[in-house]
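Okay, here's what each chain looks like letter by letter:
Protein chains: 2
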Amino acid sequence: MAGDRTLRLQHGNRIQALCVLGTHITTDLYGAAPAGTVSFSVKHTEGVSVEVVSQGQAEVGAAPGSGTQWPLEEGTLLRFSMNQASTEVNDNKVTVSFYAEGGQHINQAGVFLTGMGISLDVDADQDGVVEKNSPNKASWTWGPEGHGAILLVSCNKESPFTPASDSNDERVFNKEDLLDMSRMVLRIEGPQRVPRGYEIVLYVPVSSADKIGVFHVQNPFFGQRYVHVLGQRKLYHVVQYTGGAAELEFFIEGLHFPDDSFSGLVSIHASLLETLAEGVPPTPVFTDTVVLRVAPWIMMPNTLAPVNIFVCSLKDNYLFIKEIKNLVNKAGCELKVCFGYTNRGDRWMQDEIEFGYTHAPHKSFPVVLDSPRGGGLEQLAIRELLGPDFGYVSREPLFEATTSLDSFGNLEVSPPVTVAGKEYPLGRILIGSSFPTSGGRRMTRLVRDFLYAQQVQAPVELYSDWLSMGQVNEFVTFVPTSDTKGFRMLMASPVACYKLFREKQKEGQGEATMFKGKGGQRDTKRVTINKVLSNDILVQQNQYVQRCIDWNRDILKKELGLTEKDIIDLPALFKLDKHGKAVPYFPNMVTMIVLAKDLGIPKPFGPLLGGECCLERQTRSLLEPLGLRCCFLEDVACYHGRLGEVRCGTNVQRRPFAFKWWHVTP
Amino acid sequence: MAGDRTLRLQHGNRIQALCVLGTHITTDLYGAAPAGTVSFSVKHTEGVSVEVVSQGQAEVGAAPGSGTQWPLEEGTLLRFSMNQASTEVNDNKVTVSFYAEGGQHINQAGVFLTGMGISLDVDADQDGVVEKNSPNKASWTWGPEGHGAILLVSCNKESPFTPASDSNDERVFNKEDLLDMSRMVLRIEGPQRVPRGYEIVLYVPVSSADKIGVFHVQNPFFGQRYVHVLGQRKLYHVVQYTGGAAELEFFIEGLHFPDDSFSGLVSIHASLLETLAEGVPPTPVFTDTVVLRVAPWIMMPNTLAPVNIFVCSLKDNYLFIKEIKNLVNKAGCELKVCFGYTNRGDRWMQDEIEFGYTHAPHKSFPVVLDSPRGGGLEQLAIRELLGPDFGYVSREPLFEATTSLDSFGNLEVSPPVTVAGKEYPLGRILIGSSFPTSGGRRMTRLVRDFLYAQQVQAPVELYSDWLSMGQVNEFVTFVPTSDTKGFRMLMASPVACYKLFREKQKEGQGEATMFKGKGGQRDTKRVTINKVLSNDILVQQNQYVQRCIDWNRDILKKELGLTEKDIIDLPALFKLDKHGKAVPYFPNMVTMIVLAKDLGIPKPFGPLLGGECCLERQTRSLLEPLGLRCCFLEDVACYHGRLGEVRCGTNVQRRPFAFKWWHVTP
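Protein chains in written order, with this note's numbering: chain A, -8 to 657; chain B, -8 to 657.
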């Protein structure tokens, strides 16, 4: 709301002014009065409310228009307003009469008033419907008691590379195109004929201009036309208003997700401009403002229901796809296979894309984040996914080379947690990184900045650079449970593996053999429990690995508010390659695909005891009591040998959160 | 403070670990116990505090070391800490014994502990002295109840273009150099001999690295040497620590003021790194963090006491300098004259520089902001002002052309105000701009962003583009008063001038002449009150100008919490040039120099009535009752004719605020 507006009266003159409903005009009577004035009286038409302000206080009691004479002192002001629009120009007025000592009338000053209502309106209470002049429309606050209009980024086009509609002034949309956009209404009430020298202008500040597009609806006889009126180079738009009551409809699209240089907030203004005379520039009389926030990109944790599972079909993974299909059917989901012409030999479905979504009170649609990793799958998102109901976003560094930490096996999100009283109802993003002192790899800055800028899933940086592939999904995952907590965090655990092997060795099972049936994978000598336990270098390397994993355990406990009972340790072993980076020694079970209660776990090929793999048995004993069903999938040939596991070759699109992101308090 | 640290015990083994004072180590007993264990007991040396944690709760009652046997359940943890540093490596220990059903001793697990204290300390309570391990050192909060260490930008060098000390590893400073820097102490307590495989590292995150320089003090026999150890390319520094108790002293300088991409916050970390064995990389065991905020650049309003007045000496302003000198002497200040070789014909002292200062608990010094306007005076700040006790900062756009709105006549600051309950104890910056719809001029974005980023004098954007020179000091200024309010805001007022002239005309003085003695300035016909009042075009142009000024009046009332009685209107008249931009019609009195009670006001050469200028008389009658002394200075030839006034040709360096900026709540 604007403050009071100053108007100058002049004794001996009657000026004209426009009074915008809901605002006050203040005029300095002392300055307007002729010399010798000691008192004044006020007359006004019914449509104007007037008060006399003396010594900074409004005078109560006798109504100004009643013919009372008031003493004129320095600082005496008149303050007036109108609350109904005029039907004709200058159909209201205020007249002030000035009197000398003794009551003699000296002169008078007056103003003809035209009342106009102007309100730029949006859906500030976030219920999907535009209100009338909400007091909350010019600000934005988070939380369940918050308010503020919301914009969706229109990233669901035919091609992400269509330039924003600057060159294309007239576009014919159908109703569906507009469903994504946020509605804005400019309501104007005024006299039948607009007074001369006034115009209404919609405009955006430069900082918002490249972030939005505003379209105006015109209804010619055939079809509806939507003209681009604001955004990009168009900073302002003169509104076509010819008088009377009008409701002009606009639709707004976002052009950018929040980022390190863009908080997500944009503003649009409507100003009433007044031009006094030829040759003098216009000045604003009244400005109304609306603020909108661009909806963020949101990720979906393993605790949300799976819908579609994506996998690449290659020359060598026919059997794997068969196994995945069984699992997917069991889980009641749909399998989407990506074939050679799209995958071009690249199997790492998990790494190329991350499924997310965006959400406004009026609409919601899935949005895929495309990794800058640049493998064969880089066309996947654009070719197969992007469409009218599926958005796309990417962040590609211009100069920085990408590493395996830019693959999205290194981008995960936790289930909803509460940490020391602070709630994260959409969970927290997990990103793997390196220690600052090591000069190691990190996720590329553009993507990292993008993730932090979404705000609603406050990221946690973990330590993953100790791994050759350097990805968080190699040591942590989450599975849904039906108890109060709702989930467990699973961690790869060398300690758990050594504990298990030592127990088995003590029970006399030291000669049980690993990798049965996969003889070609390791050296031709048999790998037994005894051999593993007596390998001092392997022991030492896994002590180091355990420290690295424990460092992350401690961070996760602190940043997700977890205790030991929320964590389950799955036996795992690693070895260090010649660069000192860790790779799994046997298929890494924690790198699994989670389809609600059905888990697709890399078959570990652990020591067989009584015909059963003791690692599988241990894992079942940890997870089945939670109601989870373990399905061990053979991925050695086509994934593990290439330093990836089941999860790396698949990607799950899930149902979005019901929880509204604007109720988060970041 | 870090959370708990996970440690892995192993039955049948005794490991070694380092325990940092003030942290807790947690170990999973269930995971460490051999098969068949049903209970355990704990022994420990006196230097270790131990608690048993069962079902997430610490067990009270029997002390763990008392030989009690505890039941072993899943999730049973041991949690321990040390509160005194060890004198020798491994001089403390914890031993856990495991028992089978029936009490038979199966095995035990132990850990040798070395206690070490590590604390990275700064002056977090802002009293000029570094504390010991303040709980507030890793965060920063505003306000009188706030906390957090403060850094000064070392912008007071010989030349601002010396590259930050990256190439210069060893610099010999004197004590004064260090007085500007913020002190940091790394306190370490440990055994006489440091255990193998440990080192302590100081480091900065990449985001802070180019914002600070950290120097370490070494004291050789002759002189003190300060080595640059962190900042710029140096991301980490291995601390030379050989054991025992040590206090390592560091000094920190800031390299950048806050800006649109830099909030002003930096962090430094000290980590204890542990290397398990040859060939495995180190992992951090403990990290301590300090956060510091770079002190902002602060401007000084007219209500602060003047100290030095700067003016340029040119061929044509000898008389003006004489007048200024008299005024300056009267006000008890010092006049600094800038001569030709520095001013190079550029007289606009107000426009080239803005005096400000920066301030930390331990030190404060003036800092000049150099405008990017690029006139003859551009060398002034560096040549004449910059020095060991005088800092320099500038923001030069690379591509954007500058306009007259980038001159610092367009940069002012209000006195301290309170607005609807929110306090601005250092006042608010005022910047002149244009209306968004006009495509007009604005202050260049780099400087604007810089000013907003300082935070403590939250800027207000005014409308000045209607003026040819487009500077706020052409229509507003502030003068100090000795009442509760402390100041008045003076505004240029065409309405006040017309009111005065009409009164004089009514009194029969219509033929009084303006510009007496300045005949060459206007056309040779006399300019009388009657002529001015009958000039309809001038009337119309000044109505437009009044609207522009009133627009600013309304903003200033709202944003500075002012009412009409805080404002004084000085008579002024303008005319529009051929571009429709306003220039003063007679010397613009509001563009004055304020030296406490002594005001140097442009002599208006208004209509002479009884030998006295009625504009001067009016101004005196408005200001003298407030205890102010009006001195009218002739500036027509050398300033007004060039579209500037007294103030534009001078610049005042004032005493800084006593109020501490860190007590502001932005």
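What the hints contain is simulated information worked out from the structure, not anything from laboratory work.
Worth double-checking, as some hints may not be accurate.
What the hints assert, rightly or not - Cut-off 20 Å, straight-line C-alpha distance, at most; resulting in silico cross-link-like pairs (EDC-like, lysine to aspartate or glutamate):
| no. | chain 1 | residue 1 | chain 2 | residue 2 |
| --- | --- | --- | --- | --- |
| 1 | A | K548 | B | D307 |
| 2 | B | K569 | A | E269 |
| 3 | B | K497 | A | E269 |
| 4 | B | K572 | B | D589 |
What the hints assert, rightly or not - Residues from chain B that keep clear of chain A, each with C-beta distances beyond 10 Å, as calculated:
| no. | residue |
| --- | --- |
| 5 | R(-4) |
| 6 | Q209 |
| 7 | V220 |
| 8 | T233 |
| 9 | T274 |
| 10 | P275 |
| 11 | F426 |
| 12 | E494 |
| 13 | Q531 |
| 14 | W542 |
| 15 | E555 |
For every residue, glycine included, the Cβ atom is placed at its ideal position computed from N, Cα and C.
Here is how each hint holds up against the structure:
no. : hint            : in the structure
1   : A:K548 x B:D307 : 75 Å, violated
2   : B:K569 x A:E269 : 13 Å, holds
3   : B:K497 x A:E269 : 30 Å, violated
4   : B:K572 x B:D589 : 32 Å, violated
5   : R(-4)           : 6 Å, violated
6   : Q209            : 22 Å, holds
7   : V220            : 13 Å, holds
8   : T233            : 20 Å, holds
9   : T274            : 5 Å, violated
10  : P275            : 6 Å, violated
11  : F426            : 6 Å, violated
12  : E494            : 5 Å, violated
13  : Q531            : 5 Å, violated
14  : W542            : 6 Å, violated
15  : E555            : 6 Å, violated
The structure fails hints 1, 3, 4, 5, 9, 10, 11, 12, 13, 14, 15 (numbered hints given earlier, in ascending order).
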